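Q: Single-letter residue listing:
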Amino acid sequence: MKDVLDDIERWRAHGRRVAVATVVDVRGSSPRGLGATMAVSEEGEVAGSVSGGCVEGAVVTVALEVLEGGAPRLCEFGYSDDEAFSVGLTCGGTLTLFVQPLDW
Amino acid sequence: MPSADGTLYEVLRDCLRRDEPVALATVVASAEAAPLGAKLLVRHGGEVLGTLGTTELDAVVGREAGGALVSGQSGLRHYGPHGENLRDEVSVFVEAFIPPPRMVILGAVDFSAALSAVANVLGYRVVVCDARAVFATKARFPAADEVVVEWPDRYLNRLGSTLGPRDAVCILTHDAKFDVPAVVAALGTEVGYIGAMGSRRTKDRREAKLREAGVDDAGLARVRAPIGLDLGARTPEETAISICAEIIACQTGTDTVSSLSRGTGPIHHSAPPL
Chain A
15 MKDVLDDIER
25 WRAHGRRVAV
35 ATVVDVRGSS
45 PRGLGATMAV
55 SEEGEVAGSV
65 SGGCVEGAVV
75 TVALEVLEGG
85 APRLCEFGYS
95 DDEAFSVGLT
105 CGGTLTLFVQ
115 PLDW
Chain B
50 MPSADGTLYE
60 VLRDCLRRDE
70 PVALATVVAS
80 AEAAPLGAKL
90 LVRHGGEVLG
100 TLGTTELDAV
110 VGREAGGALV
120 SGQSGLRHYG
130 PHGENLRDEV
140 SVFVEAFIPP
150 PRMVILGAVD
160 FSAALSAVAN
170 VLGYRVVVCD
180 ARAVFATKAR
190 FPAADEVVVE
200 WPDRYLNRLG
210 STLGPRDAVC
220 ILTHDAKFDV
230 PAVVAALGTE
240 VGYIGAMGSR
250 RTKDRREAKL
260 REAGVDDAGL
270 ARVRAPIGLD
280 LGARTPEETA
290 ISICAEIIAC
300 QTGTDTVSSL
310 SRGTGPIHHS
320 APPL
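Chains as they are written, first to last, in our numbering: chain A, 15 to 118; chain B, 50 to 323.
Okay, chain A solo, but in the shape it has when bound:
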């Protein structure tokens, strides 16, 4: 969280709303630990990361949905080998993220 504070503060100073996605559970092999946080502004700007780059694109989509009035959401990303470009962790782990608007 600390590593994305400066970006969050800058976005907030410009009046932009912000969503944060946090790793709350990890099973198997995964590059980032519990608490790894990615912040997304309503303009689609991104700070921080939650994996090795595997799921960040999908997280932006979820974060923008949450900012558009969706409820906070728990998302799970796992290994997927059926489609080369489907969203998943190539390292074989499962990652659970909580995505919420920064309105607290």
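Bear in mind the hints are in silico, worked out from the structure with no lab data behind them. None of these values were measured; they are calculated from a predicted model. Any given hint might turn out to be false.
Claimed, not checked - To spell it out: a stretch of chain B is covered by chain A in this simulated footprint if at least three of its residues, at any positions, have a beta carbon under 8 Å from a beta carbon of chain A; those stretches are:
(1) 65 to 77
(2) 82 to 93
(3) 249 to 259
What the hints assert, rightly or not - Each computed DMTMM-like pair below joins lysine to aspartate or glutamate, with the alpha-carbon atoms no more than 25 Å apart:
(4) K187/B with D137/B
(5) K252/B with D17/A
(6) K88/B with E23/A
(7) K16/A with E199/B
(8) K258/B with D39/A
(9) K16/A with D137/B
(10) K16/A with D159/B
(11) K88/B with D117/A
(12) K252/B with D39/A
(13) K226/B with D266/B
(14) K258/B with E195/B
(15) K16/A with D68/B
(16) K16/A with D194/B
(17) K252/B with D266/B
(18) K258/B with E287/B
(19) K88/B with E79/A
(20) K88/B with E82/A
(21) K16/A with D63/B
(22) K88/B with D137/B
(23) K88/B with D17/A
(24) K16/A with D54/B
(25) K187/B with E113/B
(26) K16/A with D224/B
(27) K226/B with D159/B
(28) K88/B with D20/A
(29) K16/A with D266/B
(30) K258/B with D117/A
By construction, the Cβ of each residue, glycine as well, lies at the ideal position given by its N, Cα and C atoms.
Chain A is fixed; fit chain B onto it per the hints.
A: Leaving out everything else, chain B in the frame of chain A:
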């Protein structure tokens, strides 16, 4: 939920910026009264802000978040709607934010400047300490958070019990006059990593002097000397990488370090919180 210090986010932000320990509990799944996203913030010293929905749940999670503040362990926990154990209607993510680990670098030499830069990237709070005011200047160590002019052993004695298993002491003076008292002082703390620079010959001479100073085998075994992994490092920057790589290996319990290409295990080891 606003408090005198602002919203929960603002309190969290200010704690993080001050490196003040704080724990944040968030309801991430709930079939019951606890609303999704509800939060409880527990500050160092015991102040609790926010609510998860019920006073019973707040009491149970508040206690566990207080424990997480001490251990530094974040994790997902499951409860009944009123904080009952062995139930799973409510899932709460308790995230512990603890201050960054410290690296104390003794000796104001070129290697210390490179090491402070690499340690800084790794998230350490870096202090460079040397008794010589002409060398121990902030201008020479821009990446250090603090530059202290003091005898290294006195400085370590002053830090004393505040150094813990996540912290590191790197002794780069490679002069027995400074090294020996510094190693003795470092061994008097609970610091997780102690490394001392110098050739194998320097190491042997230092060990003899340390034994004269009363250091036993267990004490000598705590000192990594020559410091760093065998990467073939030559420059101050390469040496800094070799030292930091050794610290990472020690902290993850990866005692036998070899090339990833020669191993078979998973490439991600579970790491302690930084």
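Q: Indicate, hint by hint, whether the structure satisfies it.
A: Quick rundown of the hints versus the structure:
Check result for the stretch 65 to 77 of chain B against chain A: holds, 4 residues qualifying (beta carbon to beta carbon below 8 Å, three or more required). Here the stretch 82 to 93 of chain B counts 3 residues with a CB under 8 Å from a CB of chain A, which clears the bar of 3, and the coverage holds. A stretch counts as covered by a chain when three or more of its residues have a beta carbon under 8 Å from one of that chain; for the stretch 249 to 259 of chain B and chain A the count is 0, and the coverage is violated. Of the supplied pair hints, the one linking K187/B and D137/B is violated, its CA atoms being roughly 53 Å apart against a limit of 25 Å.
For a cut-off of 25 Å, the pair hint linking K252/B to D17/A is broken: about 39 Å separates their Cα positions. The suggested pairing of K88/B with E23/A holds, with an alpha-carbon distance near 20 Å, which does not exceed 25 Å. With a C-alpha separation of about 31 Å, the suggested pairing of K16/A with E199/B is violated against the 25 Å cut-off. Taking the CA atoms of K258/B and D39/A, the gap is about 49 Å. The hint is violated against a cut of 25 Å.
The straight-line distance between the Cα atoms of K16/A and D137/B is roughly 30 Å, outside the 25 Å bound, and the hint therefore fails. Note on K16/A and D159/B: the hinted pairing is violated, with a Cα-Cα distance of about 30 Å set against a maximum of 25 Å. Taking the CA atoms of K88/B and D117/A, the gap is about 11 Å. The hint holds against a cut of 25 Å. At roughly 44 Å between alpha-carbon atoms, K252/B and D39/A are farther apart than 25 Å, so this suggested pair is violated.
Proposed proximity of K226/B and D266/B is supported: the alpha carbons are some 21 Å apart, at most 25 Å. At most 25 Å may separate the alpha-carbon atoms for a hinted pair to count; K258/B and E195/B exceed this at roughly 30 Å. Between K16/A and D68/B the alpha-carbon distance is near 10 Å, which keeps this suggested pair within the 25 Å criterion. Restraint check: the Cα-Cα separation between K16/A and D194/B comes to about 17 Å, which is no more than 25 Å; the hinted pair holds.
Note on K252/B and D266/B: the hinted pairing holds, with a Cα-Cα distance of about 14 Å set against a maximum of 25 Å. About 29 Å separates the Cα atoms of K258/B and E287/B, which puts this hinted pair outside 25 Å; it is violated. As the CA atoms of K88/B and E79/A are separated by approximately 21 Å, the hinted pair is consistent with the 25 Å bound. Proximity of K88/B to E82/A is assessed by CA-CA distance (about 21 Å); at most 25 Å being required, the pair is judged to hold.
Only pairs whose Cα atoms come within 25 Å are accepted, and K16/A paired with D63/B is accepted, the gap being roughly 10 Å. Between K88/B and D137/B the alpha-carbon distance is near 18 Å, which keeps this suggested pair within the 25 Å criterion. Restraint check for K88/B and D17/A: satisfied, since their Cα atoms lie roughly 21 Å apart, inside the 25 Å limit. Restraint check: the Cα-Cα separation between K16/A and D54/B comes to about 18 Å, which is no more than 25 Å; the hinted pair holds.
Distance hint between K187/B and E113/B is unfulfilled; the C-alpha atoms sit about 41 Å from each other, more than 25 Å. Between K16/A and D224/B, the direct Cα distance comes to roughly 39 Å. Violation of the 25 Å bound is thereby established for this hinted pair. Pair hint K226/B plus D159/B holds up; C-alpha atoms about 19 Å apart against a cutoff of 25 Å. For the suggested pair K88/B and D20/A, the alpha carbons sit about 22 Å apart, so the restraint of at most 25 Å is met.
Taking the CA atoms of K16/A and D266/B, the gap is near 41 Å; set against the 25 Å cutoff, the hint is violated. A hinted pair counts as satisfied when its Cα atoms are at most 25 Å apart, and K258/B with D117/A does not qualify at roughly 60 Å.
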